[in-house]
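> In case you want the letters, here they are:
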Amino acid sequence: MHTTDLLSSAFTALRRNTGRSTLTMLGIVIGVGSVVLMSSVGASMERVILSQISSLGSKSMVIFPGSNQEGGASQVFAGHDSLTFEDIERLEQLTTIESVAPIVFMPGPVKRGREESSAQILGAHPNFFHNQNMEAAEGRLIDTFDEDRSARFAVLGPDAKEELFGESDPLGKEITVGERSFTIVGVTKPLGSQFFQNADDRIYVPLSVARQETGQKYASYITMLATDSFDIAFADVKGLLRSHHKIENPKDDPEKDDFIVRSSEQANDILSSVSLGLTLFITTVAAISLLVGGIGIMNIMLVTVTERTREIGLRKALGARPRDILLQFLAESIALTFLGGVIGLGFGLGFGFLIAIIVERFLSTYEFVVSMPSMIASLIMACLTGVIFGISPARKASLLDPVESLRYE
Amino acid sequence: MPPLISLTGLHKSYFNEEVETPVLHGIDLKIDSGEFIAIMGPSGSGKSTLMHILGFLDRPTKGTYAFLGEDTSEKNDDALALIRATKVSFVFQAFHLLPRATVLENVMLPLLYHPGIAPSDREAYARKAIASVGLSDRESFLSSQLSGGQKQRTAIARALVTEPALIFADEPTGNLDSASGLQVMEVLEKLNAAGHTIILVTHERSTAEFADRIVHIKDGLIESDTRSHKRRRASADVKLK
Ligand SMILES: Nc1ncnc2c1ncn2[C@@H]1O[C@H](COP(=O)(O)OP(=O)(O)O)[C@@H](O)[C@H]1O
Ligand SMILES: [Mg+2]
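Going down the list, the sequences are from chains F and W.
Take 0 as the starting number for the first sequence in numbering that gives the first Met the number 0 and just add one per residue.
Take 0 as the starting number for the second sequence in numbering that gives the first Met the number 0 and just add one per residue.
Take these hints with a grain of salt, some might be off.
Unchecked claim - Calculated lysine-lysine pairs in the DSSO-like style (CA-CA distance at most 30 angstroms, straight line):
#1 W:61 to W:29
#2 W:61 to F:395
#3 F:58 to F:216
#4 F:395 to W:86
#5 W:61 to W:86
#6 F:255 to F:216
#7 F:395 to W:74
To be verified - Some chain W residues close to chain F (C-beta under 10 angstroms, calculated; not the full set):
#8 108
#9 192
#10 223
#11 225
No lab work stands behind these hints, which were simulated from the structure alone.
A virtual CB, placed ideally from N, CA and C, is assigned to each residue, including glycine.
Based on the provided sequences and hints, a complete structural model is requested.
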């Protein structure tokens, strides 16, 4: 039997039994569909997160006050008094670190006339903008001169600007923070979200002003850039802070520290563990649904073989070898799973596209991603399911005795 | 030239759960190319069993079967399948057509398993076979839409399409009314006249009389083997009236 004969007889058989074929394919459709959908969503999320990381830069590090809890969960204490300005001076002297920028939060509310903003107010050292790869969209950022003379200048994040000024030009206008008024000198370009927080709903004022206003002796957090390798800088920073904070921690137990160091590298690690988790999940779903679908296919193929016993006897009488019959029924079950796979692929991509349309409204960096390897892999898996679960019914058919099969009622 | 078929001391028993049912008890038979031979006998005498062995659908328990001078006992299943695909074919009492396929598709079916006929030639072969049984105007009918006689003629076309050396017909008129049965027998007679070897299995004398030679089987043994070079159509006609 030629390959084309196998294919055409397989698809003819499926067409003659459309209703049953459709039901049988359902398991495979769901399996392949969900795998394609989830890997598309996974790939899209990965892009969103990667774009955040690239906006931070791979050498960016952040130190928070607080400590890591048992089991890896970390607890950041925003008001925790552990990062002193002496620490910062020492950090600046590390050769593995460049551009240290402490931050001090200022309490709100922020007002412009009757408009009020919920934006976070950051007293930011001028290095902060460099560390975060930030640029001004309008006007300028806060500079060393502003810092040194404690100028009452403010720079708005794009969301804060939108909230307070709408479409009108904010430059040169006044806002009040607490009791004090500040002059707007610039608006930053959008950052998106960082460490899963909106980094655009912020207002920046000089660090020196924030310290005067709040009387804070501790930094709310510190951003830095590693000169070279993150790993060495990480060890240096921990060693320095531990010796200065008198923390004995030879075993590098993060629970004993009173600070937490984070980097985009770590975010990368988190991302890869998330995508590993997602991959495992997808694989499990695929395996279960293909198993269930495969068992369904095996049952239907056994029924088909029984129903078509006389046809099998006839084909043998006409000269079909056992191998021809085996291949014929195997081709049928593979056609069933392949078709189910293609339909599932269509549904998966369709839903992925719909989800992208919806999510894009909330998360502008989200875009529809087609994961080619997972599409190919799931089609191959579907076909393999056809082979694995189709082989035993097909073998049964191929071994039927022609005379008895012809007599079968 | 060796005979087409040569059987010596052929035995056949069926075994079901260790229970032996002997059916054929030593058959010696020679059949030449071009013969139209009827195997006759009462129901249960072993006619179909013999035909299945002759047609390579089953194997004898004992004895030898030489086909075109070649002993077939050493041949494996694939070799026997190849003989069925190329040298012999069957017409069954129950037609065994694929109900949801057209006449043309049914007749083309054996060509799937014929290694010597190219896929592109299949339709031409099938059309020719359909024409020779007079069903050209029914080619695209589903086989389930045909009358009994038309079904059997389609089955004959299917048997012809591979141009086999030998056609077996097991009670081909058994499911037909007498008029359609007569038509089918006339087609077989015509095929024999055109040079096809035909082995007919029947328990009806009137059907057997279309053959040139009648072999009677009883209880698994050949009871008589008679030749008649005179056609018996006239008597069949009389009987059908
Ligand atoms: N598979 C089988 N197992 C056991 N006995 C069988 C089998 N097939 C046929 N027989 C028996 O063999 C005998 C001959 O059957 P068969 O060749 O079909 O007779 P005929 O065609 O002459 O009516 C019958 O008695 C039948 O019951
Ligand atoms: Mg019989």
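> Taking only the CA atoms, is the gap from residue 395 (chain F) to residue 74 (chain W) under or equal to 30 angstroms?
23 angstroms, holds
> Taking 30 angstroms as the top limit, are the C-alpha atoms of residue 255 (chain F) and residue 216 (chain F) close enough?
Between residue 255 (chain F) and residue 216 (chain F) the Cα gap is close to 22 angstroms, so the pair holds against 30 angstroms.
> Could you grab the alpha-carbon distance between residue 61 (chain W) and residue 395 (chain F) and see if it respects the 30 angstroms cut-off?
With Cα atoms ~28 angstroms apart, residue 61 (chain W) and residue 395 (chain F) stay inside 30 angstroms; holds.
> Go through the hint on residue 108 (chain W) and say holds or violated, using the shortest Cβ distance to chain F against 10 angstroms.
Hint on residue 108 (chain W): holds, closest Cβ of chain F at ~6 angstroms, below 10 angstroms.
> Less than 10 angstroms between beta-carbons is the criterion; does residue 223 (chain W) satisfy it with respect to chain F?
27 angstroms, violated
> Quickly compare the C-alpha distance for residue 58 (chain F) and residue 216 (chain F) to 30 angstroms and report which way the hint goes.
With Cα atoms ~27 angstroms apart, residue 58 (chain F) and residue 216 (chain F) stay inside 30 angstroms; holds.
> Does the structure keep residue 395 (chain F) and residue 86 (chain W) at a Cα separation of 30 angstroms or less?
27 angstroms, holds
> Against chain F, run the beta carbon of residue 225 (chain W) and see if the smallest gap drops under 10 angstroms.
Cβ of residue 225 (chain W) sits 29 angstroms from chain F, so the hint is violated.
> Regarding the hint that residue 192 (chain W) lies at the interface with chain F, is the smallest CB-CB distance below 10 angstroms?
Result: violated, 25 angstroms to nearest chain F Cβ.
> Holds or violated: residue 61 (chain W) with residue 29 (chain W), Cα cutoff 30 angstroms?
17 angstroms, holds
> For residue 61 (chain W) and residue 86 (chain W), compute the direct alpha-carbon distance and say whether it is at most 30 angstroms.
23 angstroms, holds
Of the hints listed earlier, those the structure fails to meet are numbers 9, 10 and 11, in rising order.
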